[in-house]
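Given the structure of chain A, go ahead and fit chain B onto it with the hints provided.
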Amino acid sequence: MSNGHKRKKVAVMFGGRSVEHEISVITGLQLIKALDPIRWDPYPVYIAPSGKWYFGKKLLDKGFYLRMPGSLSEVTEVTLLPKPGVGGLTILENPEEHASPVIPIDIFLPAFHGTYGEDGSIQGLFELADVTYTGCGVLGSILGMSKYHSKKIVEAHGVPVLPCQVVNRESVEADFGKHLTSLRDQIIKRLGNFPLFVKPCNLGSSIGVVRATCEEELDSALLHALKYDVSAMVEPCLDKKLEINVSVLDDPQEPIASVVEIPVSSSGKELTYEDKYLRGGSKKGDDSMQGMAALTRVIDPEDLDPVVKERARSYAVTAFKALNASGVSRIDFMLDTTDGTLYFNEINTIPGSFSFYLWMNSKPPVFYTELLNRIISVAQLKAVRKSSVERQVGFKALKK
Amino acid sequence: MTDINFALLPAKNRTQFRSNVPIIMMHGWGQSLNSMRLLGELLSNFFTVYILDLPGFGKSPKPETDWDTREYAVGVRAFAESKGISKCFLIGHSFGGRVSVRLASMYPDLVAGVVLINSGGLKRELKFPKNIRAKSIGLLSKSVKAIDSMTGSKLFQEWFIPKFASLDYKNAGDMRNILVKAVNEDLTQDSQLIKCPTFILWGKNDTETPLECGQRFHALIKDSQFVALPGKDHFPFIDEGAHICAHYIAPFLQSVNVEIKQEEKACV
Chain A
1 MSNGHKRKKV AVMFGGRSVE HEISVITGLQ LIKALDPIRW DPYPVYIAPS GKWYFGKKLL
61 DKGFYLRMPG SLSEVTEVTL LPKPGVGGLT ILENPEEHAS PVIPIDIFLP AFHGTYGEDG
121 SIQGLFELAD VTYTGCGVLG SILGMSKYHS KKIVEAHGVP VLPCQVVNRE SVEADFGKHL
181 TSLRDQIIKR LGNFPLFVKP CNLGSSIGVV RATCEEELDS ALLHALKYDV SAMVEPCLDK
241 KLEINVSVLD DPQEPIASVV EIPVSSSGKE LTYEDKYLRG GSKKGDDSMQ GMAALTRVID
301 PEDLDPVVKE RARSYAVTAF KALNASGVSR IDFMLDTTDG TLYFNEINTI PGSFSFYLWM
361 NSKPPVFYTE LLNRIISVAQ LKAVRKSSVE RQVGFKALKK
Chain B
1 MTDINFALLP AKNRTQFRSN VPIIMMHGWG QSLNSMRLLG ELLSNFFTVY ILDLPGFGKS
61 PKPETDWDTR EYAVGVRAFA ESKGISKCFL IGHSFGGRVS VRLASMYPDL VAGVVLINSG
121 GLKRELKFPK NIRAKSIGLL SKSVKAIDSM TGSKLFQEWF IPKFASLDYK NAGDMRNILV
181 KAVNEDLTQD SQLIKCPTFI LWGKNDTETP LECGQRFHAL IKDSQFVALP GKDHFPFIDE
241 GAHICAHYIA PFLQSVNVEI KQEEKACV
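Same order as they appear, the protein sequences are chains A and B. So that you can map any letter, position 226 of the first sequence is 226 in our numbering, and since no number is skipped, the others follow by simple counting. So that you can map any letter, position 157 of the second sequence is 157 in our numbering, and since no number is skipped, the others follow by simple counting.
Keep in mind that a hint or two might mislead.
Said to hold, decoys possible - When the alpha-carbon atoms are kept at most 20 Å apart in a straight line, the in silico PhoX-like pairs for lysine-lysine are as follows:
1. B:Lys127 - B:Lys145
2. B:Lys204 - A:Lys58
3. B:Lys181 - A:Lys6
4. B:Lys204 - A:Lys309
Stated by the list, open to error - Anything over 10 Å on all C-beta distances counts as not near chain B; from chain A, calculated:
5. Arg7
6. Leu31
7. Lys33
8. Leu35
9. Ile38
10. Asp41
11. Val75
12. His224
13. Lys227
14. Val317
15. Met360
16. Thr369
17. Glu390
18. Leu398
Everything labelled a hint here was simulated from the structure, so no lab data went into it. Think of the CB as a built atom: it goes at the ideal place given N, C-alpha and C, for glycine as much as any other residue.
In isolation and in its complexed conformation, chain A is listed as follows (with noise of 0.2 Å):
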């Protein structure tokens, strides 16, 4: 078997300014130990909290981020400066010492969970850029990191949501010498009585999800919402639920389902950050599971209605699809098993370990190390179509 053509070089990007920075990193870090070598070379680039861009070899060690901040003096602070044509990342710091001020990169693959990663913003300066990179593009980004923007699109397409009240930080701060008490009664007037759950409308991971049982938990609730979103959304909470998962991969011809899991929490109730990202590692005792990888869940399991199943994986291609999305995503859906009624919840555009432990379960089983090499070829066959695309026309109307 030959190994000798040239690997291209993939920037495999994790941290940024988000809530969700930390899980940005294992996720960046088992991916680049998953990462096909005959075909890719890895180039580790972190955002760090504070918006620097770091690149180099010691980025790959978990032991760098707890060493930080003195560790960052290790790494050398780069760029993607927002034009084409420059190849790759820009060094910032002492360009001078180094033999080329562009570290030349082919891929981006961005590995972010929420804001400015996963939400259109750095997918914005990759077009700008015009680099090739992996998953959606600005518009899928933004609709998917919108729970109730995407809500609408997916429910046009005939898939079932709950209905929802989104609150903004400013009707709240207006409202608040009243304690909320307007504002408190249209959303139980068009969502019923409580429990009602309160979540920050474009954030991922649980973080400052709420289930509020009285107007005070409400009043709590939002707030405590607000303090990670400029927007809250509230929505009525299912008496006898199941979440059910469903990731998507795209595909030249047609996306494909992988099969569906059902994750448990430690309480019995809903899913919470803890759940996710700390409880970790209780599969068979392997403790070097980290990130999303880790949680506790059944998939494929054997007593749920294959009806179900195959309705959640059908709504997800449709969602998918309806978001424009590209990549990897996960469809989280919601079971209301007193009736049967499957609601869509919400995507994940960049799920946490790209949900590659679904696909190593699917029919027929996708490797992560297959995964990862079918979305770089999906992301390189999306921009050599780009590319055939007439962006000028020439200085015309200026000379009449």
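What follows is chain B alone, placed relative to chain A:
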């Protein structure tokens, strides 16, 4: 027969391809079946997998005598027989690779295919000045032992080992004689006797069994396939690296055209 502890991962019914030839996986020195569990789980999508604790490691008791790798091969064959396995694939890492090479050369009817991952078995080619240093240490070891036997001193134990011995040797405990036997073996001839399809997977940055050992195995084993993984070390299958190894190993094993006939069907 020595008891061998093992993990059995039955083939999952997740794909149209489902072989009835099982895989026996063998770990490296100082490791246990747990080191190969994730790789085994991934491969169990297609194959029934037995991951062994080789005798003297993990939960398997030490052999009653100090075995060489031929005796390990005999022990693993007895294990296969006890499970009704008439044909199998082998995956061996490092020390487990040595045992795999022995098994494939000694029992060609049992072994349908071999995967060697950063396998031991070939003497490292040391260049100047490392070869001079290795020879000097060997000579010194013999001299120190001779002094100890003549004077009753404990120079070898108290001075030589802490100063010159490898980490494996220091940690070997009552497995030390087995380790010494293993590292002094050269499996060049056994490698040449392997006739079954063989896949050699190697972490390029390995410092324990360097890349040139893998390249020599490739040259010695007829029609073998060789893949060197850039950036990976002696343990390319650790953590998510298991997905890379499975990505290369599974298609190779699937390509081996072998099926156990009904009358000799294994317990898989």
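Can we confirm that no CB of chain B comes within 10 Å of the CB of A:Ile38? violated (7 Å)
When you look at the beta carbon of A:Lys227, is every beta carbon of chain B farther off than 10 Å? Its Cβ never comes within 10 Å of chain B, the nearest being 34 Å, so this holds.
Taking 10 Å as the cut and beta carbons as the points, is A:Glu390 off the interface with chain B? Check passes; 39 Å lies beyond 10 Å.
Claimed clearance of chain B by A:Leu398, with the beta carbon kept past 10 Å: holds (52 Å)
Can we confirm that no CB of chain B comes within 10 Å of the CB of A:Arg7? violated (7 Å)
Sort out whether A:Lys6 lies within 20 Å of B:Lys181, counting only the CA atoms. Violated. B:Lys181 to A:Lys6 sits at ~42 Å, over the 20 Å cutoff.
Over 10 Å from every CB of chain B: does A:Val317 meet that, or does the non-interface label fail? At roughly 20 Å from the nearest Cβ of chain B, A:Val317 sits farther out than 10 Å, so the non-interface label holds.
Is it the case that A:Lys33 keeps its Cβ farther than 10 Å from each residue Cβ in chain B? The claim breaks: A:Lys33 does not keep its Cβ more than 10 Å from every Cβ of chain B (closest is about 4 Å).
Is the nearest CB of chain B more than 10 Å from the CB of A:His224? Correct as stated: the minimum Cβ-Cβ distance to chain B is 35 Å, above 10 Å.
Looking at A:Val75 again, its CB stays over 10 Å from all of chain B? holds (18 Å)
With 10 Å as the threshold, tell me whether A:Leu31 passes as away from chain B on beta-carbon distances. Incorrect as stated: the minimum Cβ-Cβ distance to chain B is 8 Å, not above 10 Å.
20 Å Cα cutoff - pair B:Lys127, B:Lys145: violated (27 Å)
The structure fails hints 1, 3, 4, 5, 6, 7, 8, 9, 10, 15, 16 (numbered hints given earlier, in ascending order).
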